[in-house]
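Enquirer: Protein chains in written order, with this note's numbering: chain C, 1 to 131; chain S, 1001 to 1131; chain U, 2001 to 2131; chain B, 3001 to 3131; chain W, 4001 to 4131; chain G, 5001 to 5131; chain Z, 6001 to 6131; chain Y, 7001 to 7131; chain V, 8001 to 8131; chain X, 9001 to 9131.
Among the hints, a few may not be true.
[As the list claims (entries may be wrong)] Quick partial rundown of chain S residues pointing at chain W, CB under 10 Å, derived from the structure:
{"no.": "1", "residue": "Q1071"}
{"no.": "2", "residue": "F1074"}
{"no.": "3", "residue": "E1076"}
{"no.": "4", "residue": "T1079"}
{"no.": "5", "residue": "L1083"}
{"no.": "6", "residue": "T1108"}
{"no.": "7", "residue": "E1110"}
{"no.": "8", "residue": "V1111"}
{"no.": "9", "residue": "C1113"}
[Said to hold, decoys possible] Think about it this way: if two alpha-carbon atoms lie no more than 27 Å apart in a straight line, the pair counts; the simulated BS3-like pairs of lysine-lysine are:
{"no.": "10", "chain 1": "X", "residue 1": "K9059", "chain 2": "X", "residue 2": "K9077"}
{"no.": "11", "chain 1": "B", "residue 1": "K3059", "chain 2": "Y", "residue 2": "K7077"}
{"no.": "12", "chain 1": "B", "residue 1": "K3077", "chain 2": "B", "residue 2": "K3059"}
{"no.": "13", "chain 1": "U", "residue 1": "K2077", "chain 2": "Z", "residue 2": "K6059"}
{"no.": "14", "chain 1": "S", "residue 1": "K1077", "chain 2": "W", "residue 2": "K4059"}
{"no.": "15", "chain 1": "B", "residue 1": "K3059", "chain 2": "Z", "residue 2": "K6059"}
{"no.": "16", "chain 1": "C", "residue 1": "K59", "chain 2": "W", "residue 2": "K4059"}
{"no.": "17", "chain 1": "S", "residue 1": "K1059", "chain 2": "U", "residue 2": "K2059"}
{"no.": "18", "chain 1": "S", "residue 1": "K1059", "chain 2": "S", "residue 2": "K1077"}
{"no.": "19", "chain 1": "V", "residue 1": "K8059", "chain 2": "V", "residue 2": "K8077"}
{"no.": "20", "chain 1": "G", "residue 1": "K5077", "chain 2": "G", "residue 2": "K5059"}
{"no.": "21", "chain 1": "U", "residue 1": "K2059", "chain 2": "C", "residue 2": "K77"}
{"no.": "22", "chain 1": "Z", "residue 1": "K6059", "chain 2": "Z", "residue 2": "K6077"}
{"no.": "23", "chain 1": "G", "residue 1": "K5059", "chain 2": "V", "residue 2": "K8059"}
{"no.": "24", "chain 1": "W", "residue 1": "K4077", "chain 2": "W", "residue 2": "K4059"}
{"no.": "25", "chain 1": "X", "residue 1": "K9077", "chain 2": "G", "residue 2": "K5059"}
{"no.": "26", "chain 1": "C", "residue 1": "K59", "chain 2": "G", "residue 2": "K5059"}
{"no.": "27", "chain 1": "U", "residue 1": "K2077", "chain 2": "U", "residue 2": "K2059"}
{"no.": "28", "chain 1": "W", "residue 1": "K4077", "chain 2": "V", "residue 2": "K8059"}
{"no.": "29", "chain 1": "Y", "residue 1": "K7077", "chain 2": "Y", "residue 2": "K7059"}
{"no.": "30", "chain 1": "X", "residue 1": "K9059", "chain 2": "Z", "residue 2": "K6077"}
{"no.": "31", "chain 1": "Y", "residue 1": "K7059", "chain 2": "X", "residue 2": "K9077"}
{"no.": "32", "chain 1": "Y", "residue 1": "K7059", "chain 2": "V", "residue 2": "K8059"}
{"no.": "33", "chain 1": "C", "residue 1": "K77", "chain 2": "C", "residue 2": "K59"}
{"no.": "34", "chain 1": "S", "residue 1": "K1059", "chain 2": "B", "residue 2": "K3077"}
These are computed hints drawn from the structure, not numbers from a lab. Every residue, glycine too, gets a C-beta built ideally from N, C-alpha and C.
There are 10 protein chains.
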Amino acid sequence: MPSQPSRELETFENPSPDRDYEIAFDCPEFTCLCPLTGQPDFAHFHITYVPDRQCVELKSLKLYLWSYRDQGAFHEKVTNQILDDLVAATRPRMMEVRGEWFVRGGITTEVRCTYIDPAWGRDRDGSGSVS
Amino acid sequence: MPSQPSRELETFENPSPDRDYEIAFDCPEFTCLCPLTGQPDFAHFHITYVPDRQCVELKSLKLYLWSYRDQGAFHEKVTNQILDDLVAATRPRMMEVRGEWFVRGGITTEVRCTYIDPAWGRDRDGSGSVS
Amino acid sequence: MPSQPSRELETFENPSPDRDYEIAFDCPEFTCLCPLTGQPDFAHFHITYVPDRQCVELKSLKLYLWSYRDQGAFHEKVTNQILDDLVAATRPRMMEVRGEWFVRGGITTEVRCTYIDPAWGRDRDGSGSVS
Amino acid sequence: MPSQPSRELETFENPSPDRDYEIAFDCPEFTCLCPLTGQPDFAHFHITYVPDRQCVELKSLKLYLWSYRDQGAFHEKVTNQILDDLVAATRPRMMEVRGEWFVRGGITTEVRCTYIDPAWGRDRDGSGSVS
Amino acid sequence: MPSQPSRELETFENPSPDRDYEIAFDCPEFTCLCPLTGQPDFAHFHITYVPDRQCVELKSLKLYLWSYRDQGAFHEKVTNQILDDLVAATRPRMMEVRGEWFVRGGITTEVRCTYIDPAWGRDRDGSGSVS
Amino acid sequence: MPSQPSRELETFENPSPDRDYEIAFDCPEFTCLCPLTGQPDFAHFHITYVPDRQCVELKSLKLYLWSYRDQGAFHEKVTNQILDDLVAATRPRMMEVRGEWFVRGGITTEVRCTYIDPAWGRDRDGSGSVS
Amino acid sequence: MPSQPSRELETFENPSPDRDYEIAFDCPEFTCLCPLTGQPDFAHFHITYVPDRQCVELKSLKLYLWSYRDQGAFHEKVTNQILDDLVAATRPRMMEVRGEWFVRGGITTEVRCTYIDPAWGRDRDGSGSVS
Amino acid sequence: MPSQPSRELETFENPSPDRDYEIAFDCPEFTCLCPLTGQPDFAHFHITYVPDRQCVELKSLKLYLWSYRDQGAFHEKVTNQILDDLVAATRPRMMEVRGEWFVRGGITTEVRCTYIDPAWGRDRDGSGSVS
Amino acid sequence: MPSQPSRELETFENPSPDRDYEIAFDCPEFTCLCPLTGQPDFAHFHITYVPDRQCVELKSLKLYLWSYRDQGAFHEKVTNQILDDLVAATRPRMMEVRGEWFVRGGITTEVRCTYIDPAWGRDRDGSGSVS
Amino acid sequence: MPSQPSRELETFENPSPDRDYEIAFDCPEFTCLCPLTGQPDFAHFHITYVPDRQCVELKSLKLYLWSYRDQGAFHEKVTNQILDDLVAATRPRMMEVRGEWFVRGGITTEVRCTYIDPAWGRDRDGSGSVS
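Extracted from the complex, chain C is given alone in its bound form:
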């Protein structure tokens, strides 16, 4: 039976929870609808995070991104929502979501938003940066 688009993000246990390390996903296949015109929008997403107890399961991430296909969504809002959903599902130490939206009106828009677990950031140098 084929997969279905799903808002449920599945996770698996982080195999190296004692170490701060970085996982990055490159997701060129994203489409949703413009809430004003109903026409398709396309974006290329880059997701980077430092896992705490849970890692993002790859197939469920694919289904989650698919779930936007028939939804109206503004560029700024949906990029933030993807970050919120992924943070809620995996409680990472840090996570960044960057969406490169395709050109509209001769202008290309990119939205980049970041979450840092306050506790994690404080134990480090305050910047929350891994590298």
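Starting from the known structure of chain C, fit chains S, U, B, W, G, Z, Y, V and X onto it as the hints suggest.
Expert: Same frame as chain C, but now just chains S, U, B, W, G, Z, Y, V and X:
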């Protein structure tokens, strides 16, 4: 009122019908569904043609490509069908459609098909090539 | 009725005002006139900002950039003015405008200017940098 | 006194008329208006030709391209018109004009048209190609 | 149940057998063993063909390439064998297999071999080339 | 007699132990098996370290990476394990392992993990960064 | 009357003296003579600065760089001298001159030198860096 | 004693006169003067030829190109003259000179001219092309 | 026992002698001496051929290229000699050797020479080209 | 009389000793021998330094690098030795040597080592970094 996906390809009169010249469209925003799994497929299309009496109207091309969004379509079949539909609508002297489909199973597929008006090709050197 | 060039920059409410995040516009279509010779100048603009309460509306940004088409403008001055106008309209936490001007006299000029809301910068590490 | 946009294309005498050789201009600074919406369009033009008796004078080419700035012009039509005007002014043995128009509706359009002096082509291999 | 490496190449019916068109696969995931040292070899394969009655089924191509994983194979021989097997399975009008083998002894080797159906080539201009 | 895959990492004495300097390996030839499906996975590894008393011997690194060829291994786990094994064998001052895994389900994954000898990091500015 | 090479650098008033912003010139057309052999040397210069009260006038910069055409000049010395002359003429808050000299003896040389107004650097974080 | 710019092109005997083979020079260091304004012009030259009895000596080519440094020269004329001089000095079977001239008035000009020894071309397929 | 530089080129039997196919070697590690100055020269060689009965053995090719390390050799001569030696050892249907020599006197030289077995070329279309 | 490989590094007086500035050499022509097998090794060196009283003389650097041609040298050791020799000869404020060694066993190795004059570093921010 917003646009709607449409199979109707509109055309306009070729402003220079006495000259063999080439028009090329670069269309990175294409998505349809896999007929087997129902999951989304993505492709980047390149369309090149030599108009005869009619040229492809740009906005109607956008709506036409959008019309595949909810349809199941095999890579090889849909690429040929786009060529067939564009040829039927504009009766060009020559037309090539090339679809770069995104990676599946670790393999990337590209399909390239060409139409040459037999009458046009015969008046030239038989290869139907413009350049 | 077609759009008109306009100095009025429209905004919409920031959907995630609690988060510092970055929006970047890539604007390759800009032209104005040289104030000395009256001849056309061309530039490619890059605009990056951290919104506070208001975000830049994309279509109004396009019309705003269009409004320079018939105006004489020195490279250094117009780049700063675009930053000033965008800051006045949206009161961002931070904004950078970078203009890549096309080659004149064998030399290419790029102007990059940045605004940081003093209150915002102070709450951070003093550098005002997001990343 | 500053230059003015001008439809007058000036030429100079070909210094090597006995040889078939190729001159290519790369012109990234072109803008006109969309005849339907009145909004600006941008294009990057590439012009290649084999001169016969006259060569295109560079500054007059710049002024000629400038003359489209306030004119409405369809992509396909203006590209052919530039070729027609340049052919009329210089009577080349061969000339190609290629216009790369900026993205509209998510699709990028390129128009490429070629003129070959029938007499010149016949003395060669019929293809009119220099290389 | 998971897939297994397999020498069986599956096909499906060509949806446009009346047209000569080109299908290209980009396969960066190939490994076999060096017949002399038993050490792993890696290659990036590019497969291009004009189908006749049958097309190569993508998943079975993946399994077929996987079947070399534990086999010893010389660069020149295995590239030719892949072409032979694909030709036997699909009887194409034309097919090219190009293997880019990873560097050994400071030298990178690429092997490119082509099959042309004699009947198909004769009906064309004798070169068997599609473009 | 040919080499064999081996978990034994050999080392040699650091020729300049008084200096903090960086050695980087670029390893494009890595394959293992997916623990769920048994199908091959491929990755490109980048290893960077500051040696203390011992350096990684190049040929033994090749054999070590080869040893994963027939093993099931999750992306996140194997990248961390390679770092653990290399740290155990060479006790470096700092080491980073970055694995670029090939695309699965339309998404590319990269895992990057870092070890810093606590004693070494403390003598520096606390960031453990060489540059 | 044509321009002449000139050591006189002209300036104009900074239109935004209240803001620290960056102006960058890309100057690929530079040539001088080797002081030892008298043979031509070529370089590609990159000049970046933060203006204080005066900005560098573009045409005078072109004439200034031209003035080296017939002068003997060592790579290291002339790069520093260009910085000294530009600093003397414009009194910037910060300026960097980078010269990429063409290959000699199989080796390419790049010289990069920076000036920071001590007063300006002190008011910032001590590094004098704009970004 | 240092070299001097020189119009004398030296040659050496072709070591393989029985074979048609190609020699290509990439010459990024060329400058002359604009005959109208006296200002410097720059170009990047590419020279390709099939030697007959004599080959171009590399150092003398360098001195020859240097000899234009203080001469006024139109783009089209000097490119043809370089071809004429090299043909006169070496009597090649075929030679092409391509000059990429730096941007002037926002337009980049490239001039490409070719010489084919009529006797040589006739013995081949008439096109004079080596590849 | 380590390898030694050697003029002996070893071959192995072509596994697919019935097919015209192409083998290409990319050899970035080549050095010899300038016969005039005794100083080192470097080149990057590209070798492409269609085997007849024998193929070039990779390790012996490496040793053969190594054998030039202490020899004086002019660019044009050594490129032709490598072609001659490889043709003598393997009697290919066609072979091309292209040497990209590193920059000397500001000029980069590339030499490209080709051998075609007259019998093989005649059975084809006379051009001896595989593609 | 031709040059000879030499371990003697010559220097000249720094023309701007009052300024911290950076000189970078790009040296793609380096070869030595593998101490284990006697076979040639190749590397591309990048040298960057801040001069104090003395600068590296370019031709003597070329001869110094040449002097390794017939010497056995491990990757890690020779990169450190080149830094040691250059530091001993010029006593720079800071110097970095980075060697990109060509691929061996499918793995590419890069070694990067840095010297900082303790006195110079202390007067700065402790990092010894120029930029």
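Enquirer: Taking the hints in turn, state whether each one holds.
Expert: Against the structure, the hints come out as follows:
no.: 1; hint: Q1071; result: violated (15 Å)
no.: 2; hint: F1074; result: holds (7 Å)
no.: 3; hint: E1076; result: holds (6 Å)
no.: 4; hint: T1079; result: holds (8 Å)
no.: 5; hint: L1083; result: holds (8 Å)
no.: 6; hint: T1108; result: holds (4 Å)
no.: 7; hint: E1110; result: holds (4 Å)
no.: 8; hint: V1111; result: holds (5 Å)
no.: 9; hint: C1113; result: holds (3 Å)
no.: 10; hint: X/K9059 - X/K9077; result: holds (24 Å)
no.: 11; hint: B/K3059 - Y/K7077; result: holds (17 Å)
no.: 12; hint: B/K3077 - B/K3059; result: holds (24 Å)
no.: 13; hint: U/K2077 - Z/K6059; result: holds (17 Å)
no.: 14; hint: S/K1077 - W/K4059; result: holds (17 Å)
no.: 15; hint: B/K3059 - Z/K6059; result: holds (18 Å)
no.: 16; hint: C/K59 - W/K4059; result: holds (18 Å)
no.: 17; hint: S/K1059 - U/K2059; result: holds (18 Å)
no.: 18; hint: S/K1059 - S/K1077; result: holds (24 Å)
no.: 19; hint: V/K8059 - V/K8077; result: holds (24 Å)
no.: 20; hint: G/K5077 - G/K5059; result: holds (24 Å)
no.: 21; hint: U/K2059 - C/K77; result: holds (17 Å)
no.: 22; hint: Z/K6059 - Z/K6077; result: holds (24 Å)
no.: 23; hint: G/K5059 - V/K8059; result: holds (18 Å)
no.: 24; hint: W/K4077 - W/K4059; result: holds (24 Å)
no.: 25; hint: X/K9077 - G/K5059; result: holds (17 Å)
no.: 26; hint: C/K59 - G/K5059; result: violated (36 Å)
no.: 27; hint: U/K2077 - U/K2059; result: holds (24 Å)
no.: 28; hint: W/K4077 - V/K8059; result: holds (17 Å)
no.: 29; hint: Y/K7077 - Y/K7059; result: holds (24 Å)
no.: 30; hint: X/K9059 - Z/K6077; result: holds (17 Å)
no.: 31; hint: Y/K7059 - X/K9077; result: violated (38 Å)
no.: 32; hint: Y/K7059 - V/K8059; result: violated (36 Å)
no.: 33; hint: C/K77 - C/K59; result: holds (24 Å)
no.: 34; hint: S/K1059 - B/K3077; result: holds (17 Å)
Consistency note: the structure conflicts with the earlier hints numbered 1, 26, 31, 32.
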